[in-house]
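Novice: Sequence:
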Amino acid sequence: MSADDARARDLDYLNRRRVSPQWSPFLAALAGELTAVADPTAARRFLRATGERMARRFALPTVETLDELEAQLNVVLGGMDWGWTRLAAADDHILITHGACPNALDDDDRRAWPPLMAEILAGAYGAWLAAQGSPGGVTTCRDPSASPLVFEHRV
Numbered sequence: 016m017s018a019d020d021a022r023a024r025d026l027d028y029l030n031r032r033r034v035s036p037q038w039s040p041f042l043a044a045l046a047g048e049l050t051a052v053a054d055p056t057a058a059r060r061f062l063r064a065t066g067e068r069m070a071r072r073f074a075l076p077t078v079e080t081l082d083e084l085e086a087q088l089n090v091v092l093g094g095m096d097w098g099w100t101r102l103a104a105a106d107d108h109i110l111i112t113h114g115a116c117p118n119a120l121d122d123d124d125r126r127a128w129p130p131l132m133a134e135i136l137a138g139a140y141g142a143w144l145a146a147q148g149s150p151g152g153v154t155t156c157r158d159p160s161a162s163p164l165v166f167e168h169r170v
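In terms of the numbering used here, the sequence shown opens at residue 16 and continues consecutively.
Since the hints were derived computationally from the structure, they do not count as laboratory data.
All values reported here derive from a predicted model rather than from experimental measurement.
No residue lacks a Cβ here, since even glycine has one placed at the ideal position from N, Cα and C.
You may find that some hints are simply not true.
[What the hints assert, rightly or not] Label pairs and their computed distance ranges (CB to CB):
(1) Ala74 <-> Gly152: 25 to 31 Å
(2) Asp124 <-> Gly93: 41 to 47 Å
(3) Arg125 <-> Thr77: 40 to 46 Å
(4) Asp122 <-> Thr77: 39 to 45 Å
(5) Leu45 <-> Val153: 21 to 27 Å
(6) Gly93 <-> Ala53: 27 to 33 Å
(7) Asp124 <-> Asp54: 22 to 28 Å
(8) Ala105 <-> Pro40: 35 to 41 Å
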């Protein structure tokens with residue numbers, strides 16, 4: 016997906032949705048505290064576990080193809096106003112592009128939230144792929160400050 020295509024898709028998505036004003040200050044404060052006081056490794060484990068829990072909460076039906084999985088993920092993500100995703104098979108991993116991520120918070124001047132949200136999404140994508148039969152593996156975000164976010168799920 017080209018950068019222009021991703022931007023156009025983000026703008027279309029964001030024109031219809033935005034982070035609720037009631038949550039923006041809370042999430043910014045939470046992000047600030049986690050980055051200030053928590054051990055980074057423990058914080059990453061906590062956030063990934065949170066993403067895994069979200070994936071279990073929003074379990075997907077078993078599907079046969081990446082296109083079907085992408086469609087199911089977009090239903091769940093859209094329902095939570097968490098953006099959109101595109102999946103692609105690569106030689107040794109699944110490439111996950113996640114756009115319109117709700118990681119821009121009005122009160123997050125230090126931009127502490129985006130890397131935390133990337134960890135939550137990595138946990139969720141890993142759990143969703145495991146539930147579809149992926150034989151273990153690790154899901155990582157290439158650059159948590161990028162837009163769109165790009166993850167790799169390697170087995």
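Novice: Determine for every hint whether it applies to the structure shown.
Specialist: For each hint, the structure was consulted:
Checking the proposed 25 to 31 Å range against Ala74 and Gly152 shows it is violated: the Cβ atoms sit about 19 Å from each other. Distance hint check for Asp124 and Gly93: the Cβ-Cβ separation is about 29 Å, which falls outside the suggested range of 41 to 47 Å. Checked against the given bound of 40 to 46 Å, the beta carbons of Arg125 and Thr77, roughly 41 Å apart, stay inside it. Separated by about 40 Å at the C-beta atoms, Asp122 and Thr77 satisfy the suggested range of 39 to 45 Å.
For the pair Leu45 and Val153, the beta carbons lie near 25 Å from each other, so the given range of 21 to 27 Å is met. Separation of Gly93 from Ala53 is about 31 Å and conforms to the stated range, judged on CB atoms against 27 to 33 Å. Between Asp124 and Asp54 the CB atoms are about 23 Å apart, so this pair conforms to the stated range of 22 to 28 Å. Between Ala105 and Pro40 the C-beta distance comes to about 39 Å, which sits within the given range of 35 to 41 Å.
The structure does not agree with the numbered hints 1 and 2 stated previously, though it agrees with the rest.
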